[in-house]
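Heads up: the sequence lines are chains X and Z, in that order. Position one of the first sequence corresponds to residue 1 (my numbering), numbered consecutively onward. Position one of the second sequence corresponds to residue 1 (my numbering), numbered consecutively onward.
Hints are computed from structural coordinates only; laboratory data are not their basis. Please note: incorrect hints may appear among the correct ones.
It does not matter which identical chain is meant; a pair holds if it fits inside one copy or across any two.
For lysine-lysine, the following DSBU-like pairs were computed, each having C-alpha atoms within a straight-line distance of at most 30 Å [stated by the list, open to error]: (1) Lys63 x Lys9; (2) Lys130 x Lys390; (3) Lys9 x Lys130; (4) Lys63 x Lys390; (5) Lys390 x Lys9; (6) Lys51 x Lys390; (7) Lys9 x Lys51; (8) Lys130 x Lys63; (9) Lys130 x Lys51.
The residues making up each chain are set out below.
2 protein chains.
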Amino acid sequence: MGGTALPRKELFDLPEGVIYLDGNSLGPLPRGAAERALGVIREEWGGELIKAWNSADWISLPKRVGDRIAGLIGAPEGSVATGDTLSIKVYQALAAALRMRPGRRVILSDSGNFPTDLYMAQGLIDTIGKDYELRTPAPDEVAEAITDEVAVVMLTHVDYRSGRMHDMDAITARAHEAGAVMIWDLAHSAGAVPVDLAASHAEFAVGCSYKYLNGGPGAPAFIYARPDIVTDVQPALAGWMGHDAPFAMEPGYRPAMSTERLRVGTPPIVQLSILQQALSVWDGVEMADIRAASIALSERFIVEVEARCPQLTLASPRDAQARGSQVSFAFEHGYAAMQALIDRGVIGDFRAPNIMRFGFTPLYLDEGDIVSAAETIEDVITNELWQDAKYQTVSRVT
Amino acid sequence: MGGTALPRKELFDLPEGVIYLDGNSLGPLPRGAAERALGVIREEWGGELIKAWNSADWISLPKRVGDRIAGLIGAPEGSVATGDTLSIKVYQALAAALRMRPGRRVILSDSGNFPTDLYMAQGLIDTIGKDYELRTPAPDEVAEAITDEVAVVMLTHVDYRSGRMHDMDAITARAHEAGAVMIWDLAHSAGAVPVDLAASHAEFAVGCSYKYLNGGPGAPAFIYARPDIVTDVQPALAGWMGHDAPFAMEPGYRPAMSTERLRVGTPPIVQLSILQQALSVWDGVEMADIRAASIALSERFIVEVEARCPQLTLASPRDAQARGSQVSFAFEHGYAAMQALIDRGVIGDFRAPNIMRFGFTPLYLDEGDIVSAAETIEDVITNELWQDAKYQTVSRVT
């Protein structure tokens, strides 16, 4: 700890005059990513054509990217597969988990989970067409809701609205005590907070790479399966790239003997290459240092905003240890206020009904940015700049 | 017909000295695609950051690309959704089709179908866990195998090995007569042969965009649902981007009232943008003209190769009307021979056990290329150049 020089703003192409507090939604452009894309498109695709699957080793790119992500979430080499979207990866993990507990009928999540995780569970239940049930207690009531009816506990580690963070080790242990399979969604954790998947002993984890991992819009997702159970995982999405011998073109599906069985179709080579380049900003970075810096930034932010803007109410846990790497404030006119902020170069985002969300990313933010952002927030709130008609129309989609 | 000036080689960045007969596997780089990617990465992602979902209209990009593909396959505007991989789209179509025929238990395909289509069907059956059955008669026995037990007929229009083409209208009519749902996989049809989905009256079609549509490695897939049934389609993969109001963050899934319900997760914006640019090469192109030119090229190729190389046996239908836009030859030493050809700039590919595959793409091939390719094939076969040790090791993966 203490070994990582932060921030590393020089590794990102950030626009002038912008303080970017939305890396929890879409990370900014890492230096070299555009050049890498260009190389893949011109030299590899354009120059090598079909041969690039071998000559540029496209075929192993999903695994190489997975291994790099594994290093950031405490997972061993070979345990993380990449591709598809987070929604698809949720489906894969859930479907596999249900088959591992055939006598049980409950999927347990929480009411704060990101909607697509809950939707994918609903879609899976409808597809199976049996008497499965999705239960979503309040986040702080999850532990006691883990009964022996529960087949699988699926939780997002860090809540997308509030930033509240579940105790990964404790809940995983509780799930296992009750005989349930554990799935963690790390969408707001990977690259944001230290995660030690191996130590948690969770069976599955899933995540996306366009937030704190800066992989770009629509960057591929990832899925982790605990190495000792991977050969018990029956893939619901039995695509050819998860076959043990994809190019043997066998008529019958026979899954790979590794996490690769959770690959599905042809991998998105351009986006995977951009992501691979984006992951290089983590070279030499210790997650413990990121965490310490993130807490320092978010604590400073809370102090500054609360002192300047009594109109805003903290909507994240006050205890830094119980938060991920974001801070949310509730404000009745939050949508318009966020538009006014964005117009002034302080970019966060809004989540219905009234949440102004700010992400903390020590790779490219320092305390000076935080104080500047707080000053702009004070200006917008105190002077009611959000009342301008141009900020009232709801058009922002993300 | 006759209105399209062909070829349009100037619209592609093809390497010097290469005759590319593998556009049926991975289309070449269209001019402008690299620049478009660079613009999306630098100006949109880098410059606009999260705002680009609105300012660059990323949010509607999947639909805009879908509409462009729709125009190439005889589908109405708004009927094609894009994203994910073909394997995922097969699963979506199959799962929806089975729910539309709850009393039936048979998925009918054919033994020549591309493996991932069959694997995805197997994975779906295992997931549902009921007594479903996947039947795969020989391609020419499909029509008579469509009985009233069949819930869904899922066929690839053009066979990836032989190029044999099913009669889309006749088989769809037969499926409907028997009360079955029809799914067409257009992987080797979109951009290759004229397709009139609306006229066929098929319920679903799926396809990929990295072959004849030149979208690049791992480009997004597409799915068509017939407009009059789309609100009866229950999405198995109930992702947030298919929700009627994705950003309302409702706890319950409520599908969009259009084909958009077949979207799943966050779309791959960079690859979709490249694909959008790639599709511009079709502006002003009539598929009937492509078809006529493709038949002329493939007929000439068969004549030239058969005259020069009696060692090769035609493995595609001799009747051009029964073929897609590829020609395959069987040759015992096909793997090594294809390596020798590629080494000499004639790029086709190999499919086990003994198939040498050549794709015909009139956008960037002319008869001169075909005769040159045949001369090189003659050299490799007649002089047994494939016997060189360096061509014997099986390492090629696609």
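Going through the hints against the structure:
In this assembly of identical chains, the alpha carbons of Lys63 and Lys9 lie at most 30 Å apart only when taken from the same copy (28 Å versus 36 Å across copies). Taking the closest pair of Cα atoms, Lys130 and Lys390 never come within 30 Å of each other, the shortest separation being 50 Å inside a single copy and 55 Å across copies. Taking the shortest alpha-carbon separations for Lys9 and Lys130, neither the intra-copy value of 52 Å nor the inter-copy value of 55 Å comes in at or below 30 Å. Taking the shortest Cα distances, Lys63 and Lys390 sit within 30 Å of each other only across copies (27 Å), while inside one copy they are farther apart (47 Å).
In this assembly of identical chains, Lys390 and Lys9 lie within 30 Å of each other by CA distance neither inside one copy nor across copies; the values are 32 Å within and 48 Å between. For the homomeric pair Lys51 and Lys390, the shortest alpha-carbon distance between copies (16 Å) is at most 30 Å, but the shortest distance inside one copy (52 Å) is not. When the C-alpha separation of Lys9 and Lys51 is checked against a cutoff of 30 Å, the pair qualifies only between copies, where the shortest distance is 20 Å, while the shortest distance within a copy is 37 Å. For the homomeric pair Lys130 and Lys63, neither the shortest alpha-carbon distance inside one copy (35 Å) nor that between copies (34 Å) is at most 30 Å.
For a Cα distance limit of 30 Å, the shortest separation of Lys130 from Lys51 qualifies neither inside one copy, at 46 Å, nor across copies, at 42 Å.
Violation of the numbered hints given earlier is confined to hints 2, 3, 5, 8 and 9; the remaining hints are satisfied by the structure.
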